[in-house]
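Chemist: This is what each chain is made of:
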Amino acid sequence: MSLRAQFTRETSNAALPLIAFCIALNLTVGQITGALKIPIYLDSIGTVLAAVLVGPIAGILTGTFANLLASATGSPTMAFFIPVVVVIGFFTGYVARLGWFRKWYLVVVGGLLQGVIAAACSAPISAYLFSGVTLAGTDFLVLYFRSVGNNLLESVFYQGLASDPIDKLITYSVVFVLLRSLPKRITSRFSGASNLPSNNGAP
Amino acid sequence: MRLDLKSKLASVFFLWVCAFTLDWPVNATLILLAILLRYVVPGFRPTSQRAARSIVAFMSYSTLIVLIVVSLNAVLLPGGDVLLIVGGIGFHESGALFGLRTACRLVLLSLSVLLFFASTPIREFIRFLQGTGFPPQLGLVLLLTLHFLEQLPDRINQIFAAQEARGSPVRANVVSRARAFVSILFPLVLSSISESIDRGQALELRGFLGQGQMPVFENRRSDTSLLTMSLILLSIALIILRILNWLIA
Numbered sequence: 001m002s003l004r005a006q007f008t009r010e011t012s013n014a015a016l017p018l019i020a021f022c023i024a025l026n027l028t029v030g031q032i033t034g035a036l037k038i039p040i041y042l043d044s045i046g047t048v049l050a051a052v053l054v055g056p057i058a059g060i061l062t063g064t065f066a067n068l069l070a071s072a073t074g075s076p077t078m079a080f081f082i083p084v085v086v087v088i089g090f091f092t093g094y095v096a097r098l099g100w101f102r103k104w105y106l107v108v109v110g111g112l113l114q115g116v117i118a119a120a121c122s123a124p125i126s127a128y129l130f131s132g133v134t135l136a137g138t139d140f141l142v143l144y145f146r147s148v149g150n151n152l153l154e155s156v157f158y159q160g161l162a163s164d165p166i167d168k169l170i171t172y173s174v175v176f177v178l179l180r181s182l183p184k185r186i187t188s189r190f191s192g193a194s195n196l197p198s199n200n201g202a203p
Numbered sequence: 001m002r003l004d005l006k007s008k009l010a011s012v013f014f015l016w017v018c019a020f021t022l023d024w025p026v027n028a029t030l031i032l033l034a035i036l037l038r039y040v041v042p043g044f045r046p047t048s049q050r051a052a053r054s055i056v057a058f059m060s061y062s063t064l065i066v067l068i069v070v071s072l073n074a075v076l077l078p079g080g081d082v083l084l085i086v087g088g089i090g091f092h093e094s095g096a097l098f099g100l101r102t103a104c105r106l107v108l109l110s111l112s113v114l115l116f117f118a119s120t121p122i123r124e125f126i127r128f129l130q131g132t133g134f135p136p137q138l139g140l141v142l143l144l145t146l147h148f149l150e151q152l153p154d155r156i157n158q159i160f161a162a163q164e165a166r167g168s169p170v171r172a173n174v175v176s177r178a179r180a181f182v183s184i185l186f187p188l189v190l191s192s193i194s195e196s197i198d199r200g201q202a203l204e205l206r207g208f209l210g211q212g213q214m215p216v217f218e219n220r221r222s223d224t225s226l227l228t229m230s231l232i233l234l235s236i237a238l239i240i241l242r243i244l245n246w247l248i249a
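Protein chains in written order, with this note's numbering: chain G, 1 to 203; chain A, 1 to 249.
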């Protein structure tokens, strides 16, 4: 399928409002984790949900717009990490097409792999654009790794490795459980319905 | 001076180039000038009280961050002269300079993005994108996102209160609260996806993206102003100078 055809398919009238919701979910999930005081980000949960339910282009669009809007609403550095969310959207959409969201153990492998890839992609941006400082709490971890003798790029990568795989594993797991509980009459409306188990949810 | 969005975007691009090509004293000066822009140039004035507050909050937050970044780098990265010793802890020159360079670059990059969005209503930005050939479906996605962003916080609060009333462990230990997270997220996603399906059907019925596409916005094109061109040329000149400097060194 050509890229244009895939873009048209993944931005159908059914998918557009879902993508919009997933962008908003990325931006507001922090409100839930903040209210419950649980120490996780899950700020790519909408990206993963859109990529699995619709496809990789929907995932890429969700992540890109979410980061742009996050920049506009008080986290200016997020715009520079758009390449990372593009990779997250593409990777998730691709592995979902391979059927990785049908089995729990493949979801675990996918989440961990996604975390390592995200850490590898964000490290050069964080190191070369911001010298490892992104106004987040994890900046202290970068400084710690530098002070024990690693160079900047290594330090930023190790910091990413310490947090990203766990965050992405939880994100993938939550989306997996969420999609399994969605009724089939809902999931069947989206082009990624074939990515889910055939006995998914109630009829 | 009224600024069109192209000039504002060119200003942001120019500040980004400066952040990466110029040294920290220049960047620190540019930060002060960028703050002045917000008061002097009407095109950069915040569009709302909330936007104005976000700039003030960012400035206080970034002042703290600059102090922390410089101090921590000065303590943890040895090299150069020892600038001062406090309670037996030495602050090194090269670490402090690295911290200053990093902090000034980060604040300038962040401030330029913040100034742009604080002074540009999102709807105006979407209209501008549409005018530059942005696909109508993506413009619609952004507008729908704004709708969801207005609704979701209230919906989250409602579900949170309802689950708490049902005895969901929203204030227990971490594991219980993590379980409560799922009990809040699921109804939120389910109700929002149902709503998005209804909206998709409404779009279908109104013929959006069907034959004879529905125009979301009229296509407005504007000429590139002298200011925009000057800023872009200046940015390109800075990049070339930086590359030449790097090649010679």
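FYI, nobody ran anything at the bench for these hints, they're computed from the structure. Even for Gly, the Cβ is constructed at its ideal location relative to N, Cα and C. The reader is advised that the hints may include incorrect statements.
[What the hints assert, rightly or not] Quick partial rundown of chain A residues pointing at chain G, CB under 8 Å, derived from the structure:
| hint | residue |
| --- | --- |
| 1 | 17 |
| 2 | 72 |
| 3 | 81 |
| 4 | 102 |
| 5 | 114 |
| 6 | 170 |
| 7 | 193 |
[Unchecked claim] Far from chain A, by Cβ distances over 10 Å, these chain G residues were calculated:
| hint | residue |
| --- | --- |
| 8 | 16 |
| 9 | 65 |
| 10 | 112 |
| 11 | 132 |
| 12 | 146 |
| 13 | 167 |
Chemist: Once the closest CB in chain A is found, is it more than 10 Å from residue 65 of chain G?
Modeler: The assertion about residue 65 of chain G is violated, with a minimum of 6 Å to chain A.
Chemist: Quick one: work out the minimum CB distance from residue 16 of chain G to chain A and report holds if it exceeds 10 Å, violated otherwise.
Modeler: Label violated. Min Cβ-Cβ 6 Å, cutoff 10 Å.
Chemist: Does residue 170 of chain A pass the interface hint, meaning its C-beta sits closer than 8 Å to a C-beta of chain G?
Modeler: Result: holds, 6 Å to nearest chain G Cβ.
Chemist: Looking at residue 112 of chain G again, its CB stays over 10 Å from all of chain A?
Modeler: holds (19 Å)
Chemist: Close enough to count: is the Cβ of residue 17 of chain A nearer than 8 Å to one in chain G?
Modeler: violated (13 Å)
Chemist: Holds or violated: is there a CB of chain G closer than 8 Å to the CB of residue 72 of chain A?
Modeler: holds (5 Å)
Chemist: With 10 Å as the threshold, tell me whether residue 167 of chain G passes as away from chain A on beta-carbon distances.
Modeler: holds (13 Å)
Chemist: So, residue 114 of chain A near chain G? Judge it on the closest CB pair being under 8 Å.
Modeler: holds (5 Å)
Chemist: Hey, does the residue 193 of chain A contact hint survive, CB to chain G under 8 Å?
Modeler: holds (6 Å)
Chemist: Given a cut of 8 Å on the nearest C-beta pair, is the interface hint for residue 102 of chain A held or broken against chain G?
Modeler: holds (4 Å)
Chemist: Using Cβ atoms and 10 Å as the threshold, tell me whether residue 146 of chain G really stays out of contact range of chain A.
Modeler: About 7 Å separates residue 146 of chain G from the closest Cβ of chain A, which leaves it inside 10 Å; violated.
Chemist: Taking C-beta pairs only, is residue 132 of chain G more than 10 Å away from all of chain A?
Modeler: violated (8 Å)
Going down the numbered hints, you'll see the structure goes against 1, 3, 8, 9, 11, 12, while the others check out.
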